[in-house]
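**Student:** One-letter residues, chain by chain:
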Amino acid sequence: MPKIEVPENIFYELLGKRMSDDELVDIFPVAKAELDGHDTDNHVIKIELNDTNRPDLWSAAGVARALKCYETGKIPSYEFFSSAECEKNSEGRMIVNDESVVGIRDYSIGFAARGKVVDNELLVNLIQSQEKLCTNFGRKRKTIAMGIYRSELIKYPVHYAAVDPDKTKFVPLGMDEELSLREICEKHPKGKEYGHIVSSFSRFPYLYDDNGDTLSFPPVINSARIGAVEIGDSDFFIEVSGPILDDLLLAVSILSCDMADMGFEILPVKVRFAKDTPYGREITVPYRFQKPMTASLELVHHKLGEVLSEKECVEAMQRMGVKATVNDGVITVQVPEYRNDFLHGVDIVEDVMIGHGLASFEPVMPKDFTIGRLSPVEEFSRKVKGILVGLGFQEMMYNYLGSKREYIDNMHVSGDNAVFIANPMSENYEVIRPSILPCLLESESVSGHAVYPHSIFEIGKITVKDDSDNSGTRTIDSFGFFSSDVAIGYNDAASYINTLMYFLRKEYTLKEVDGDPRFIPGRAAQIIYKGESVGIFGETHPQVLESWGCSMPSIMAEIDLNKLMK
Amino acid sequence: MDIDVKNLHPLEVKLLRYVNAGEDITEEKIISGLGYKVGQCNQAFSWLTTKGCLEEVSRTKKTVYELTETGRSMGAEGVPAERIYAFLKEKGAFTMPEIAEALSLEKSDVGSAFGLLSSKGALRLNDERKAEVAGELPEEIKMQHAILEKAAVDGSLDESTLSEAERKAIAPLAKKRGASSSPFRIQERDVVVYRLTAAGEDVKDAVIKANITGEEFGVLTPQMIQSGAWKNGSFRPYGINAPTSRLIPGRRNAYSEYLQWVKDKLISLGFEEFDGPLVENEFWNGDALFMPQFHSARDIHDVYYVKDPVHAKEIEEPWLSQVAATHENGWKTGSRGWGYTFDHEFTRRQVLRSQGTVLSAHQLTKAHIPGKYFGVVRCFRYDQVDATHGADFYQTEGIVIGKDVNLRNLLGLLKMFAEEIAGAEEVKYVPGYFPFTEPSIEVHIKHPVLGWFELGGSGIFRPEVTEPLGIKEPVLAWGLGIDRMALMHLGLNDLRELFTPDIESVRTRRGN
Numbered sequence: 001m002p003k004i005e006v007p008e009n010i011f012y013e014l015l016g017k018r019m020s021d022d023e024l025v026d027i028f029p030v031a032k033a034e035l036d037g038h039d040t041d042n043h044v045i046k047i048e049l050n051d052t053n054r055p056d057l058w059s060a061a062g063v064a065r066a067l068k069c070y071e072t073g074k075i076p077s078y079e080f081f082s083s084a085e086c087e088k089n090s091e092g093r094m095i096v097n098d099e100s101v102v103g104i105r106d107y108s109i110g111f112a113a114r115g116k117v118v119d120n121e122l123l124v125n126l127i128q129s130q131e132k133l134c135t136n137f138g139r140k141r142k143t144i145a146m147g148i149y150r151s152e153l154i155k156y157p158v159h160y161a162a163v164d165p166d167k168t169k170f171v172p173l174g175m176d177e178e179l180s181l182r183e184i185c186e187k188h189p190k191g192k193e194y195g196h197i198v199s200s201f202s203r204f205p206y207l208y209d210d211n212g213d214t215l216s217f218p219p220v221i222n223s224a225r226i227g228a229v230e231i232g233d234s235d236f237f238i239e240v241s242g243p244i245l246d247d248l249l250l251a252v253s254i255l256s257c258d259m260a261d262m263g264f265e266i267l268p269v270k271v272r273f274a275k276d277t278p279y280g281r282e283i284t285v286p287y288r289f290q291k292p293m294t295a296s297l298e299l300v301h302h303k304l305g306e307v308l309s310e311k312e313c314v315e316a317m318q319r320m321g322v323k324a325t326v327n328d329g330v331i332t333v334q335v336p337e338y339r340n341d342f343l344h345g346v347d348i349v350e351d352v353m354i355g356h357g358l359a360s361f362e363p364v365m366p367k368d369f370t371i372g373r374l375s376p377v378e379e380f381s382r383k384v385k386g387i388l389v390g391l392g393f394q395e396m397m398y399n400y401l402g403s404k405r406e407y408i409d410n411m412h413v414s415g416d417n418a419v420f421i422a423n424p425m426s427e428n429y430e431v432i433r434p435s436i437l438p439c440l441l442e443s444e445s446v447s448g449h450a451v452y453p454h455s456i457f458e459i460g461k462i463t464v465k466d467d468s469d470n471s472g473t474r475t476i477d478s479f480g481f482f483s484s485d486v487a488i489g490y491n492d493a494a495s496y497i498n499t500l501m502y503f504l505r506k507e508y509t510l511k512e513v514d515g516d517p518r519f520i521p522g523r524a525a526q527i528i529y530k531g532e533s534v535g536i537f538g539e540t541h542p543q544v545l546e547s548w549g550c551s552m553p554s555i556m557a558e559i560d561l562n563k564l565m566k
Numbered sequence: 001m002d003i004d005v006k007n008l009h010p011l012e013v014k015l016l017r018y019v020n021a022g023e024d025i026t027e028e029k030i031i032s033g034l035g036y037k038v039g040q041c042n043q044a045f046s047w048l049t050t051k052g053c054l055e056e057v058s059r060t061k062k063t064v065y066e067l068t069e070t071g072r073s074m075g076a077e078g079v080p081a082e083r084i085y086a087f088l089k090e091k092g093a094f095t096m097p098e099i100a101e102a103l104s105l106e107k108s109d110v111g112s113a114f115g116l117l118s119s120k121g122a123l124r125l126n127d128e129r130k131a132e133v134a135g136e137l138p139e140e141i142k143m144q145h146a147i148l149e150k151a152a153v154d155g156s157l158d159e160s161t162l163s164e165a166e167r168k169a170i171a172p173l174a175k176k177r178g179a180s181s182s183p184f185r186i187q188e189r190d191v192v193v194y195r196l197t198a199a200g201e202d203v204k205d206a207v208i209k210a211n212i213t214g215e216e217f218g219v220l221t222p223q224m225i226q227s228g229a230w231k232n233g234s235f236r237p238y239g240i241n242a243p244t245s246r247l248i249p250g251r252r253n254a255y256s257e258y259l260q261w262v263k264d265k266l267i268s269l270g271f272e273e274f275d276g277p278l279v280e281n282e283f284w285n286g287d288a289l290f291m292p293q294f295h296s297a298r299d300i301h302d303v304y305y306v307k308d309p310v311h312a313k314e315i316e317e318p319w320l321s322q323v324a325a326t327h328e329n330g331w332k333t334g335s336r337g338w339g340y341t342f343d344h345e346f347t348r349r350q351v352l353r354s355q356g357t358v359l360s361a362h363q364l365t366k367a368h369i370p371g372k373y374f375g376v377v378r379c380f381r382y383d384q385v386d387a388t389h390g391a392d393f394y395q396t397e398g399i400v401i402g403k404d405v406n407l408r409n410l411l412g413l414l415k416m417f418a419e420e421i422a423g424a425e426e427v428k429y430v431p432g433y434f435p436f437t438e439p440s441i442e443v444h445i446k447h448p449v450l451g452w453f454e455l456g457g458s459g460i461f462r463p464e465v466t467e468p469l470g471i472k473e474p475v476l477a478w479g480l481g482i483d484r485m486a487l488m489h490l491g492l493n494d495l496r497e498l499f500t501p502d503i504e505s506v507r508t509r510r511g512n
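Residue numbers (the working numbering), protein chains in the order written: chain A, 1 to 566; chain B, 1 to 512.
For reference, chain A alone in the conformation it holds in the complex:
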C-alpha cells in the first residue's frame, strides 16, 4: 500500500480549509485512505492509500481533490487537456521520438508548467509524487520513469532516441565528471539501481534538446545542468518515458492536474511518436485518452440491492468527481482525466456506492437456505484426534516451512521427495515439510524441561513430489504421533496403532520395513490398508535422536489420512 507524507499547510491549502484529525479520519474512507499519523512537531500528515489501482490518490493534491469533490459535489475542470477532437496550442514545444527507441523503451511524452516559484516543501512534495508514480505505479521505473527539468534552458524540440551507450556522454546529476551511459550504469548510484532496465539493449534511451544539450538518460538519471531543479525555479518541463503509452498518459494527466491544483499554469507539449498508436502518430499532451464507460441502472440496483433514482446516481458520481448522465436506464460516465480504473460497469457501481454513502445501505441477511458441512478430512481428523487425546497425547501445531537441516539432514533421509522453494527468504524457511515427524522431533529437542513421558501428535498437511499429479507434487493430510520415555519401545507403538485402527474400524496388516534410516532396523513396520502402504511406525533410530540432540528413547508414527479414509 502506498504511503505518503504531506506538509500540513500544502494539504490544507489544497483542501481550501483546515480539518481536524477526527474529521480527516471520518472522511478519508471515501478516498480509501487512512490517517496513518500526524507529526505535529514537523507539521506532516501521514496518509496510507489502499487503492492500488488509483495512482491519482497517491499525492496530497489527489487526496485533497477527492475530499473536496465529495464535500462540495463540484467537479474541477482542467482546460489544458487536448483530446482527439480538440488540440491545445503547444506554442512550439515538442518532443520527437526517434524510431531507434522502438522495442527498447517506446515512448517519451511530456508537458511544461510555470508560474509558481517552488520552495523546499513544494519541491519535496513534487518529488514525492513523482517517486510514488514511478515506483508503485511504474514498477520501479520499469514502465514509468519521470524527469523534471528547467524549462528555460531547453531549446525545443526535445529529441528522444536510442544511442550508443559508450559514445554518448554527459555529466549526470550528483556528479561532476562526464560519464558515458554505460559508465553511469556501472558507477552512478542510480545507474546501479535502475541501469538493469535498459542495459541488456545495444542502444540506450537518451533525451536531449535541439542544441544537443542532455536532458537525461531515462529511466536512470537527469543531467546535472538542465535536469537540476532547484528551489526558486518556476519554469519546468516534465517528461515521462516507458513502454506502455496509456500508463504514461495517465501519469502525465495525474501530475499535470496535481500541479494545476497547486497553482501552476500547465503548458501543452506536442509529441511525435516513432510508431502508430491508437491516438495517431502525433498528439498534444496532456491528452484525455479515456473513453466513456457505462453501467445500467439495473446493474447498480442488482449489485447494491437498492433502487437508486437517476438523480441519486448522478449526484453520487458527482461527489466522486465523475460527470455522469443517464439515458434509457444507462449511466454514462465521463472518466476524469486523472483516472483510468473504470474497467467494467461494476467500477461505476462502486463509485455510486461510495458517493451515495456506504452507511445508507441497510444490512440484510441472504435469504437462500444452504447446508453447513465440514470437509470429509476434517470430520475424519476429529475422530483421530479424539482417540489420541484419550490415549494421553497432546495435540501440537507446527509451521509448514522449515530448513533442510531439520526436515532432511536431521532425519538422515535423502530429501529427494521434498519440495524446495526457489526464492527462500532465509534458509530457515526453504522447504515445505515432507513429513510431520521432524516437527515432532523438534518439539522433543526443545522440551527437555517438560515432565516425561512426552506424548504428542499433529494432524496437518505435508507436501511431497508426485509425478502423477499435474503439479508434480501432492499435498497430504498427514497424521503423526511421537512418544518418549525411559522405557518405551516398538510394542507401545504397535499397541497405539492397534487401538487407533480398532476404533476407526480399519482392518490392517503390517509389513517389515527395510532400510528406513529413521527407525531402528527390525523395529519398524509399514501399515498396509486395502493393499496399500498408508503409514509407518517404530522405534526412533538413535542416530536421529542424536542429530536432534535428544537423549530419551522414543517411538513415532506417521499415517496418510487421505489413504486411510478410503
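Calculated from the structure, these hints are not laboratory results. Watch out, some of these pointers could steer you wrong.
To be verified - Here are the simulated DSBU-like cross-link-like pairs (lysine-lysine), alpha carbons at most 30 Å apart as the crow flies:
(1) A:K46 with A:K74
(2) B:K428 with A:K3
(3) A:K323 with B:K428
(4) A:K465 with B:K366
(5) B:K366 with A:K311
(6) A:K3 with B:K446
(7) A:K46 with B:K366
(8) B:K428 with A:K74
(9) B:K37 with B:K107
(10) A:K530 with A:K511
(11) A:K291 with B:K472
(12) A:K311 with B:K428
(13) A:K116 with A:K68
(14) A:K566 with B:K209
(15) A:K563 with B:K150
(16) B:K231 with B:K37
(17) B:K332 with A:K291
(18) A:K465 with B:K107
(19) A:K46 with B:K428
(20) B:K37 with B:K89
(21) B:K307 with A:K140
(22) A:K167 with A:K142
(23) A:K323 with A:K88
(24) B:K313 with A:K404
(25) A:K404 with B:K307
In this text the structure is predicted, and so the values were computed from the model without any measurement.
Since chain A is already given, all that's left is putting chain B on it; use the hints.
**Tutor:** Structure of chain B alone, referenced to chain A:
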C-alpha cells in the same frame, strides 16, 4: 486460628490430645506415653512447632552411650578379660596364642586384657610363660559386664543415670565416633522441652470438639471393604483445600480448538468447508482472481516460487482460455480487460498458495447455486518472520453465491460474522480495495477487549473473476483476520507462539 484440624496428621492429633497446657513435653514423655518411635516423635514436634502449636522452652545437652554391634555381642558373650579369666580358672595355664586360639580372640586383645588383669593381680605368667589365675576378678570388669547388659535393654545409656563407678568402668569401652570395634559410641544429644502454646491449646480444643482421635481410618483398602473392617471405625476427614498434584492430560491444542470453534460457527451459519493443496500455480493464485500478471503483489518478493517442478503440466480448460481472454480484452464479461498479452508460461509457474481466496476461485468451478463455502487454510507470504508475520499462517475465507445476493447481503453477512464470531459491540463498514472484488468493503469492529480494529475484507467478486470460471450469478467474497482474536483468546501477543514446538508451553496453554 487458621488451622483446619482435619488437615492434622494422626501423629499430631494424638500428641495434642495427650499433652496438657503448662506441662513439659519431651521426647521421652511422648515415646513412653504414646509409643511413638523417635522419628515419629520428632516429626510431630517439628510439624506442630511450625504450626505454632508447640514452643521450645529449653534445650540442654546430654551425653548418651550407644551400644555398637561389638558391644552387643560382648554383652552376650562377656568382655574378653572376663572370658580369659573364666577360661584359665577352669582349664589351667595356657600361652597367649593358645588362649587367642581357644576363645577366637585377636592376639592383641588377649595381650591387652592380660595386661589389665595382671596389673590388678588377677593373673600372672608362670615359669613356663603361661598365664594362670593369681587372684579375684576385679570389680571393674564385673561392672563392665553389668553395664553392657544394662545397655542392651534400650540400646543406649544416658550418662546422667550412671554412678561414678559405672562412669569409670564405661570410659575405656566408649569412643566418640566411628570405631565399631568399641562396644559403645558416645553421642551428644539435645534434650528439648516443649510447651503447648495458646494457639496449641485452641487447636487441641478444636480437635477434641471435632471428635478427631487420630485413630480414624486413612486409606480405604480393598481388604477393609471385603472384611467389613471399615464398619468398626470412622474415616479421617481430609482437608479439601490441600495442595493438589499436577496431572498431564491428553489434550487438544488450544489454537486448533479455537480454529475448530470458528469452523463450527461457520457450519452453523450454513457454510460448507473447502480445502486444497499447498502448491498452486500463478493461474489460480492470481490470474483467475483477475490480478494482472504485472501486479506488484505478484512480484518475486511477495510470493514463494517452487524450485522443482517449476511449472504445472497444464492449466485446466476452458478456464485457461477464458481467463486469458478476460485479462487481454475482457472476453464476454463486459470488461475492457487489462489490455496486455497474457503470458501462458508464467501462468503455469508454481507457487505456494499466498492467499485463501485462491481456494474460493477453485470452488467457483464446482459450486452449487445457491451455495455458501468457507475454508480455514494455510497460506505462505514472503515476509520477514516476526511477532506479527509468520512464514505460514491461517486465513479464513469464503464465498456466498446466489441469484440475487448483493451489497446489502454482504453487509448483513459481515454483521453476522462480527457478532457471532468476534463478539463485536459495534460494526463499521468502509470502502476497501481488492483487485478481485468491486465493490470492496472492509469491516471494522469494536471489540470489548481489543477496541476498534479491521476484522476483515470483503466484496462482490468482479465479473472478470466469476464469468470466466463459469459463474453468472453474483458471488460475495469475504475474508476474516481471526489470528488477532485467536491471540487474544489464548492470552498471547506473538503470532509465532501459535505454532510453538515447546511441549510445556502447549500443555499449559488454554483459551479464554
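**Student:** Each hint should be assessed against the structure and marked as holding or not.
**Tutor:** Hints, one by one, checked against the model:
1. At roughly 26 Å between alpha-carbon atoms, A:K46 and A:K74 fall within 30 Å of each other, so this suggested pair holds.
2. Under the criterion of a C-alpha separation no larger than 30 Å, the hint pairing B:K428 with A:K3 is consistent with the structure, at around 23 Å.
3. Proximity of A:K323 to B:K428 is assessed by CA-CA distance (about 29 Å); at most 30 Å being required, the pair is judged to hold.
4. For the suggested pair A:K465 and B:K366, the alpha carbons sit about 26 Å apart, so the restraint of at most 30 Å is met.
5. For a cut-off of 30 Å, the pair hint linking B:K366 to A:K311 is broken: about 41 Å separates their Cα positions.
6. At most 30 Å may separate the alpha-carbon atoms for a hinted pair to count; A:K3 and B:K446 meet this at roughly 25 Å.
7. Taking the CA atoms of A:K46 and B:K366, the gap is about 45 Å. The hint is violated against a cut of 30 Å.
8. Distance restraint check for B:K428 and A:K74: the Cα-Cα separation of roughly 27 Å lies within the 30 Å cut-off, and the hinted pair is therefore satisfied.
9. Restraint check: the Cα-Cα separation between B:K37 and B:K107 comes to about 41 Å, which exceeds 30 Å; the hinted pair is violated.
10. Only pairs whose Cα atoms come within 30 Å are accepted, and A:K530 paired with A:K511 is accepted, the gap being roughly 13 Å.
11. Only pairs whose Cα atoms come within 30 Å are accepted, and A:K291 paired with B:K472 is accepted, the gap being roughly 26 Å.
12. Note on A:K311 and B:K428: the hinted pairing holds, with a Cα-Cα distance of about 27 Å set against a maximum of 30 Å.
13. For the suggested pair A:K116 and A:K68, the alpha carbons sit about 22 Å apart, so the restraint of at most 30 Å is met.
14. Only pairs whose Cα atoms come within 30 Å are accepted, and A:K566 paired with B:K209 is rejected, the gap being roughly 70 Å.
15. With a C-alpha separation of about 84 Å, the suggested pairing of A:K563 with B:K150 is violated against the 30 Å cut-off.
16. Between B:K231 and B:K37, the direct Cα distance comes to roughly 29 Å. Compliance with the 30 Å bound is thereby established for this hinted pair.
17. As the CA atoms of B:K332 and A:K291 are separated by approximately 19 Å, the hinted pair is consistent with the 30 Å bound.
18. Distance check on the hinted pair: A:K465 and B:K107 sit about 89 Å apart at the alpha-carbon level, beyond 30 Å; violated.
19. Straight-line distance between C-alpha atoms of A:K46 and B:K428 comes to about 23 Å, which keeps the hinted pair within the 30 Å bound.
20. For the given pair, B:K37 sits about 45 Å from B:K89 by alpha-carbon distance, which is inconsistent with the 30 Å threshold.
21. The straight-line distance between the Cα atoms of B:K307 and A:K140 is roughly 26 Å, inside the 30 Å bound, and the hint therefore holds.
22. Distance restraint check for A:K167 and A:K142: the Cα-Cα separation of roughly 24 Å lies within the 30 Å cut-off, and the hinted pair is therefore satisfied.
23. Distance hint between A:K323 and A:K88 is fulfilled; the C-alpha atoms sit about 22 Å from each other, no more than 30 Å.
24. A C-alpha spacing of about 26 Å is found between B:K313 and A:K404, which places the hinted pair at or below 30 Å, so the restraint holds.
25. Pair hint A:K404 plus B:K307 holds up; C-alpha atoms about 14 Å apart against a cutoff of 30 Å.
Hint violations for this structure: numbers 5, 7, 9, 14, 15, 18, 20, all remaining hints satisfied.
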